[in-house]
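Line by line, the protein sequences are chains A and B. Under the numbering used here, the first residue of the first sequence is numbered 10, with each subsequent residue one higher. Under the numbering used here, the first residue of the second sequence is numbered 44, with each subsequent residue one higher.
A couple of the hints might just be wrong.
Chain A side only, calculated, beta carbon under 10 Å to chain B, not exhaustive [said to hold, decoys possible]:
id, residue
1, G24
2, P84
3, G238
4, V266
5, G271
It is worth saying that the hints were derived from the structure and are not from the lab. Think of the CB as a built atom: it goes at the ideal place given N, C-alpha and C, for glycine as much as any other residue.
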Amino acid sequence: MSLFDRRLLVITGKGGVGRSTLSGALALAAGRTGRRVCVVELAGLAAIPPLFGLTGRTYEPRTVGRIDLRGLTAPEAVADFGRRKLAMGGLLRLVFGSRITSAFLDAVPGFQDLVQLGKVENLLTEPREHEPRYDLVILDGPATGHGLTLLASARAMSDMTGGGPFHDLSAIIARFLSDPVKTAIVPVTLPEELPVHETLELVAGLGADRTLGAVILNQWVDPGFPTSGADEVQTALARSAPDWARLLRTTREGMRVQAEVGEHLASSIQALAGAVPVHRVPRLDPHNPRRLVARLAERLEGV
Amino acid sequence: MTRIDLCCGLGGSGKTTTAATLGLAHAAAGRRAVVLTIDPARRLANALHLPLHGTDPTPVPLEGLGFPGTLSALMLDHTATFDAVVRRYSPDPETAERLLANRYYRAISTRLTGAHEYMAMEKLTELVEAGTWDVVVLDTPPTQHLLDFLDAPDRVQAVFDRSVFGALAEPGGGILGLATRRALALLERVAGATTMGDIREFMRLISGLSAHFRERGTQVRALLDRARYLLVLNAHAPERTDLDGFLDALSDRGRTLAGLIVTRVAAPAPAALGPAELAARIAGVPQAEAWVRALLAAREAAVAAAQLDGAAADRLGAQAGLPTWRIPDAPEAVRTLQGLATLVPNLLPLAAQSQ
Chain A
10 MSLFDRRLLV ITGKGGVGRS TLSGALALAA GRTGRRVCVV ELAGLAAIPP
60 LFGLTGRTYE PRTVGRIDLR GLTAPEAVAD FGRRKLAMGG LLRLVFGSRI
110 TSAFLDAVPG FQDLVQLGKV ENLLTEPREH EPRYDLVILD GPATGHGLTL
160 LASARAMSDM TGGGPFHDLS AIIARFLSDP VKTAIVPVTL PEELPVHETL
210 ELVAGLGADR TLGAVILNQW VDPGFPTSGA DEVQTALARS APDWARLLRT
260 TREGMRVQAE VGEHLASSIQ ALAGAVPVHR VPRLDPHNPR RLVARLAERL
310 EGV
Chain B
44 MTRIDLCCGL GGSGKTTTAA TLGLAHAAAG RRAVVLTIDP ARRLANALHL
94 PLHGTDPTPV PLEGLGFPGT LSALMLDHTA TFDAVVRRYS PDPETAERLL
144 ANRYYRAIST RLTGAHEYMA MEKLTELVEA GTWDVVVLDT PPTQHLLDFL
194 DAPDRVQAVF DRSVFGALAE PGGGILGLAT RRALALLERV AGATTMGDIR
244 EFMRLISGLS AHFRERGTQV RALLDRARYL LVLNAHAPER TDLDGFLDAL
294 SDRGRTLAGL IVTRVAAPAP AALGPAELAA RIAGVPQAEA WVRALLAARE
344 AAVAAAQLDG AAADRLGAQA GLPTWRIPDA PEAVRTLQGL ATLVPNLLPL
394 AAQSQ
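Please build the complete structure, drawing on both the sequences and the hints.
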């Protein structure tokens, strides 16, 4: 099953691994298959728009080619939720309009996550009249630790509340997130010790009702060195050109660490989650984000 | 008076390594420094000889480095810190124990928005009050937004403010207006009576600590007013940080940035050699021609990386109109204290500045 046949991809990973860049690249790759795609950021973040030549964040979609960009915040999602559930409109206004109850809701762990996830689920299952019908939503999720909390928030809220609108909303979201046909989790990681360690912790913590779609191993370095002679070159350069020897040594050390943790990642994923693909994408010049995303998208065609 | 250096930056910016290096630089400048760090990588924790659990700073063994000052380090355990606050400031031990056992407290002490930041501030205040340090270097928690920690005292205070939450502790709603009582009744219906029972008990118990939270809030704001703010950015991904937005938000809060620290700046590339010169230097190795091509390509990449990273650092410094310090890309350096010490010269002028 192609990743792009799902309805929702939740991209997670430690800060700095390229989560937003890969979210953008996956959207671009999925868009090229003819699908209508929306990339969503949460909590007022706006890391995706610069990848498409835009700045800032908007709750309503902005379209670039076949891709829509949206940046959600909890207050906007709450207001949207109130408008949508018209029958509840008056009552919700009562709850959210009260200083006391809204301060309480802000303090409820997971509430803000839940209302934003509710919007994502709405986009896919019951878009408003003027909203496009998306084949795929790519959610640029929060950093790993919080990523699990986010995914668990719907279940936690649905368990905590016995009935009523929050219960119904959270139960619907929990079902959607645990449907292996509709939703897949895609962690992004780097071929370095700490990010790989965190990724394996995330995968181990996903639980039976979460589907791991793929793992993306970002920033893989391949200097294209010949298959033999490295030690001899190292020795020769140490005598004749020490600065070149330093370059070779640090590059080889980097490749050694990379191969080691890459192997550890692949075998551990196999053991934890079975035959889940690990897609390697190369380290490319990061200083031109638009070109970077386009080139990564080429590597992600057909995933 | 204890100085405070605050390292701000996104996750992955190299903030924690920078905070540790800055702490070492202060020790090199002759100060008694302490680094308060949040969730360091295991390698860095090992390099600092940092125990995984503890609520007091541990001295970092600097023997052999020849630094005139000292460095201690502490990894923030926010749950333990929150529990310690509850034990210390509850009106009586029974209240403390019931609070610690409350389900809502357990959830809120780890997951409440702002709780991590607030506990970092609680610890910062303790360290400054101790009076034994010349400088505290604070590695701020990995927040979604760079300035969340600045607003944390206000946010946490708002949660524990009796005027709002004391009301929830009173079953009948007490002095509340009709609209609020109806809203609460509705909330109870959607949230469930057990949950609300837990929350009511929590609110009643925590109100005994409200004086402490109010006083701390005032102290923390005073500390934040006189701290030196430094922004840490990764040279490989400078566009991740909205620099202008950060500067605006900081100045909205009446604070100014003292400088930028750009991390992971690529090392200088080796001096140029032509193909023939390079071939002569590695003559006789297997696959010599292929090696010449591969090495030339590797140098070209290193030249481009050094140029781009340098340009990124220059551009950021110019954009902010602020001094910029650079830390070279040295993934091996963070494995040992000696390795970290090799990065100290990059931050020594910053540490030596009078504040």
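Here is what the structure says about each hint:
At about 2 Å, the closest approach between the beta carbon of A/G24 and any beta carbon in chain B falls short of 10 Å, and the interface hint on this residue holds. Proximity of A/P84 to chain B is violated relative to the hint, the smallest CB-CB distance being about 13 Å (cut-off 10 Å). Because the closest C-beta pair between A/G238 and chain B is about 4 Å apart, less than 10 Å, the hint holds. Satisfaction of the interface hint for A/V266 is found here, the shortest Cβ-Cβ separation to chain B being roughly 8 Å, below the 10 Å cut-off.
Nearest Cβ of chain B to the Cβ of A/G271: about 16 Å, over the 10 Å cut. The hint is violated.
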